[in-house]
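Q: Each chain, written out:
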Amino acid sequence: VTARRVNRFVSDLLRGRRPKRFRVEEHEAAELRAAITLRAARQGAGTPREEFVTDLRRRLADHVASQQLPGAQSEDARAPDTDGQVPDTHHAGTPGSGAPDSGTAAPPGTLTPDTRTPDTGTYGAGEHIPAPIPFRGRGELSRRRMVATTGIAAGAAAVVGAGADHLLNGRPAGAELAQADDPQTLEPNVGQWRTVAASADLPEGGAAGFDLGTVAGFVARQGGAVEAVSAMCTHLGCRLALNAPARRLDCPCHNTSFALDGELLRHQLPSPPPPLPKFHVRESNGTVQVFAPPEV
Amino acid sequence: LTQTRLRLVGDDAYPDWEAVYQDNVDRVYAMMFAKVGNRADAEDLTAEVFLAALGPLRVSASVGEVRAYLSATARTVLAGHWRRHYGREVTTLAEMPDLPAPAAVDEDAPNPSASAIAEASDLLAGLPEKYGQVLRLRFLQGYSVRDTATALSITVANAKVLQHRALRRAAQLIEEATQ
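Those sequence lines, one after another, are chains A and B. If you read the first sequence in the numbering used here, its first letter stands for residue 1, the second for the next number, and so on. If you read the second sequence in the numbering used here, its first letter stands for residue 1, the second for the next number, and so on.
Some clues are possibly wrong.
[What the hints assert, rightly or not] Below, computed lysine to aspartate or glutamate pairings styled on DMTMM-like, alpha-carbon distance capped at 20 Å:
(1) B:Lys-160 <-> A:Glu-28
(2) B:Lys-130 <-> B:Asp-147
(3) B:Lys-160 <-> A:Asp-12
Please keep in mind that the hints were generated in silico from the structure rather than gathered at the bench.
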């Protein structure tokens with residue numbers, strides 16, 4: 001039994017999967033440690049995905065906004081707690097609380113303008129603090145990396161986006177949930193979290209349509225995670241209809257169908273249309289929200 | 001990596017939390033990956049560190065203080081991860097592994113990725129040649145078992161056994177080193 005679960009842990013690491021949890025015995029620990037040490041030395045292993053870095057930035061902006069933490073103010077008298085005690089994120093965070101959607105507020109992550117500006121080197125102390133701090137070291141290399149990891153990486157990014165609140169509740173979303181070749185996720189230049197359903201109305205296996213004026217789509221909860229996809233067929237833009245019993249989205253024009261996660265299920269076209277674009281989605285205060293352009 | 005990097009010194013402060021994030025996210029992620037060996041956990045733990053640290057952080061704290069606090073938070077978060085999911089701390093982050101010198105924080109200073117590579121090299125150097133080869137191919141080069149077998153001119157079954165024995169031997173080295 002011991003050998004089997006250690007082997008499974010090792011093979012998960014080698015396949016780039018999150019290892020299964022199990023109760024580790026003392027004599028097993030060193031082998032896990034050896035595997036981790038070796039796997040962590042692979043080229044590029046310590047470099048985070050661009051999508052992850054961008055997405056976490058957005059989640060943190062949300063978190064800051066919801067707690068109304070002082071951004072750059074220094075009135076906050078609390079000193080950094082350096083005794084190693086970490087505030088319990090499982091209870092401290094009340095995702096989205098007290099952060100009413102205020103009209104066309106800047107989208108999360110844009111407390112400062114988009115930071116992917118050219119690096120400007122140093123910044124001077126003193127009178128002028130530039131708002132956008134350039135992303136360091138994210139140029140050619142990371143773009144190439146992004147291309148190389150399109151697919152699984154993009155799928156995981158969508159789930160991570162959906163999982164912010166799960167994380168705050170101590171249940172990090174499983175990155176393995178969505179690994180299909182992933183279409184683009186909508187990143188509007190100006191967007192906001194807009195409520196599309198009550199969480200209670202979207203039980204496991206449930207799906208619902210929404211129309212926000214600027215965009216329309218469907219949200220569905222599968223495997224605990226909520227996903228949102230566009231309601232427009234990627235062939236010629238006909239409006240998809242929810243076929244709830246069959247758990248799919250049907251195009252009225254050419255008999256094309258998509259799964260609730262946006263994957264193409266069937267078509268009769270000369271070439272397959274791409275999967276449906278996705279929305280960033282989150283749950284906050286008992287509501288399901290997607291990141292979408294504001295009303296016009 | 002060749003791009004110009006911000007040069008912050010230890011007693012400078014960050015202008016805002018985004019600067020804290022952007023200056024430290026790579027480092028925290030690399031620290032975590034070196035200790036869990038997979039992306040999914042490394043990403044979740046990195047997120048946990050920043051979510052936990054943002055609240056208590058006083059933005060006027062110096063760069064050195066912020067980094068030390070993030071390191072302390074990372075240690076606690078990692079320990080929690082292992083205890084919660086595996087009942088035992090399989091890996092730990094050393095006390096202040098890379099606390100910057102107070103005078104200057106240099107981006108060329110050893111980073112966690114470099115130390116992860118050094119640690120693996122040490123481990124491989126202590127192994128018989130065949131063992132080192134199979135582990136290098138499987139873990140560092142990402143070869144499949146089949147490709148590894150081909151590269152070493154052995155059967156697939158033998159490659160599996162060899163990998164298994166090599167890892168056991170590496171584990172023994174680690175145990176001996178910590179005793």
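Q: Mind checking the alpha carbons of Lys-130 (chain B) and Asp-147 (chain B) for me, to see if they're no more than 20 Å apart?
A: 15 Å, holds
Q: Going straight from one Cα to the other, do Lys-160 (chain B) and Glu-28 (chain A) come out at no more than 20 Å?
A: 19 Å, holds
Q: What's the verdict on Lys-160 (chain B) and Asp-12 (chain A), does the C-alpha distance respect the 20 Å limit or exceed it?
A: Holds: Lys-160 (chain B) and Asp-12 (chain A) sit about 15 Å apart, inside 20 Å.
Violated hints for the displayed structure: none, as all numbered hints are satisfied.
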